[in-house]
Every structure is written in structure tokens, then in C-alpha cells.
Amino acid sequence: MPSPLAGRTVSRVGYGAMRLESLHSDPGAAVALLRRAFELGVDHVDTAQFYGNGFVNEVIRQAIRPGDDVLVASKVGADPDPGGPIPLRLAQRPEELRASVEDNLRALGLDRIPLVNLRRADRRPGVLAEGDQLVGLDDQLAVMTALRDEGKIGAIGLSSVTLDVLRRALPAGIACVQNAYNLIGRDDEDMLELCVAEDIAWVPFFPLGGAFRGLPVVTDEPAVRHAARALGRTPAQIGLAWLLHHAPNTHLIPGTASAEHLEENIAAGDIVLDAATLAALDAVPSRSMDVALR
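Going left to right, the sequence shown walks through residues 2 to 295 as this note's numbering numbers them.
These are computed hints drawn from the structure, not numbers from a lab.
Treat the numbers as computed from the prediction; the structure is a model and nothing was measured.
Just to be clear, a hint being listed does not mean it is correct.
What the hints assert, rightly or not - DMTMM-like cross-link-like pairs, simulated, lysine to aspartate or glutamate; straight-line CA separation at most 20 Å:
#, residue 1, residue 2
1, Lys153, Asp112
2, Lys153, Glu103
3, Lys153, Asp70
4, Lys153, Asp80
5, Lys153, Glu59
6, Lys153, Asp104
7, Lys153, Asp140
8, Lys153, Glu96
What the hints assert, rightly or not - Computed Cβ-Cβ distance ranges for the label pairs, DEER-style:
#, residue 1, residue 2, range
9, Val197, Ala280, 15 to 23 Å
10, Glu264, Gln63, 19 to 27 Å
11, Arg168, Asp82, 26 to 34 Å
12, Asp69, Asp150, 25 to 33 Å
For every residue, glycine included, the Cβ atom is placed at its ideal position computed from N, Cα and C.
Throw the hints in and build the complete structure from the sequences for me.
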């Protein structure tokens, strides 16, 4: 069932484009995979200029054709750093946020990015800010609001934020929140409730956990595996379906470089979980997501 996101009504299962990095040696395959996603009804793509040092945005630019009604969401707060220990560096200062938006616009070939998420760096999982990268929220929101007023971005989202930061940001008009969240990592339940109350879309990343060392894995849970067997689905599909059932404002952006997994992820949007299955999944204990990850 479609749901609002940044002033649009889009399918609740989108596509997170980060995994396209792995197809760097075969750009044609990356474009074909994204075209297949569009054919299957995906109309929301999540990206960033630091994914593959611009490669992923170039793929999106090539894949989207005139007439495609696809909402592109990007993020700022980090820039590519191909020679670094991880391929990104924080870019939290207002002038860096503006430059990142301009880089995204050029790479995507757009005059306006429908949704741009401000990726904060004051909580885990993620790289924590220090030194001149410790930037106040008000200064960041000022430049994001200016970019929206200039028509360069359509809506402002937040990523990797605390409940206090979200509350402080509400007057600026927040369209969505992207935080690490899944069946076994429900630290942000209070924030999700606030998003429901404020009609803010909830776009969880690491929806199945386990993306990096130190995170538990949703598909290892006995209750998830039992539900998958009972419904003839994969454990990953059950984990994604639970997120959609748990809150009406949830949009998913699972990423994959596999056409088979792409189809499975999209099909998760059609899974119906009955009350008994939901109760069994809801009873799975939550574990902390407080680990130092990208």
C-alpha cells in the first residue's frame, strides 16, 4: 500500500542504492538492476554522493528515463574519501552541506533533489563527530532550510539522530527520519511514535541488522525463521514485513546487487502477518545498536 513521503505518495518498499557500489566494474549491470526495480514498482531510491565516490549517483542518472516517476532521496553530512580507512569522511559544516548538495545535483543531473537527509554524527551506529565536525543543529538546519527555499531540495530529512534532536528540528519541517532500526534493534521506539504523531516518514536503515560486525542479525532469530517456514517465505522477507506492519509510516529501502533478492525484497510488501505471528515477532527481545559503524 502506498504511503506519503516528502509530499509524494510512493510505494512503501523502495531501494537503497548503496549496494550498487559492488557493481562498479559493470555499470551496465547496475543500470539494468535499477531498471528492473522500476519495472517491479519501486518509485523511491535512496542514495548519497559518497556511495562509490559518485558511481552510484551516475548509475541512477543513467537509469532514470524521461517519464519515470521516481523520488530520489540523497543525504549529506559526509563526502567521499576513497583513500581513507573507510571511503567517506564527515562533512558536517554548513558550507560542506551546501557543497554536498551541489555535488549531488550535478552527479544526478537534477535541478532539485526531492528529499535530502541530513546525516548527523552525534550517535551510533556511525562515525562520531569531533573537532570542527562538531556542528550545532541550528547552523545545519539554517543552510538546509535555505537550500529548500532556493528550490535545490524539496524536503529535509534527518538521519542518525536522537529524540531530542528530532524535537528541536520539528519547527524546520522534517519529512522523514532515517535511523538504524529493525526487529531486534528497537532503541528508537519513542522516536518512531513521535514520527507517527507528526506525520513524519520512518525510513529505517540496517532493516535486517547484521550489516556490519557487531550488529545482531534478524534472520537468525528463531521466531523469524519459524514464521518464514510457516508462510513459505524467506527470513529476510519476514523481517522486512514486520517493519511494515509495525508502523504505518514506515518506508523500506533494502539494498541488494542481486536481481533475485531485489524481487524478494519487493515481494515482502505483500506479506500479511496475522495477529499470532505478529505477537510472536513482537516478543523477540531488542538489543542495543550502540556500535561504532559507518
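Results for each hint:
Between Lys153 and Asp112 the CA atoms are separated by roughly 6 Å; this keeps the pair inside 20 Å, and the hint holds. Proximity of Lys153 to Glu103 is assessed by CA-CA distance (about 8 Å); at most 20 Å being required, the pair is judged to hold. Between Lys153 and Asp70 the CA atoms are separated by roughly 18 Å; this keeps the pair inside 20 Å, and the hint holds. Taken as a hint, the Lys153 and Asp80 pair is honoured in the structure, with Cα atoms around 18 Å apart against an allowance of 20 Å.
Annotation: proposed proximity of Lys153 to Glu59 holds, straight-line Cα distance about 18 Å (limit 20 Å). Among the hinted pairs, Lys153 with Asp104 is consistent with the structure: their alpha-carbon atoms are about 11 Å apart, no more than 20 Å. Under the criterion of a C-alpha separation no larger than 20 Å, the hint pairing Lys153 with Asp140 is consistent with the structure, at around 18 Å. Of the supplied pair hints, the one linking Lys153 and Glu96 holds, its CA atoms being roughly 15 Å apart against a limit of 20 Å.
Restraint check, Val197 to Ala280: a C-beta distance of roughly 20 Å satisfies the suggested window 15 to 23 Å. A hinted range of 19 to 27 Å holds for the C-beta pair Glu264 and Gln63, which are about 22 Å apart. In this structure the hint that Arg168 and Asp82 lie 26 to 34 Å apart at CB holds, the actual value being about 32 Å. At roughly 27 Å, the beta carbons of Asp69 and Asp150 sit within the given window of 25 to 33 Å.
Every hint from the earlier list agrees with this structure, and none is contradicted.
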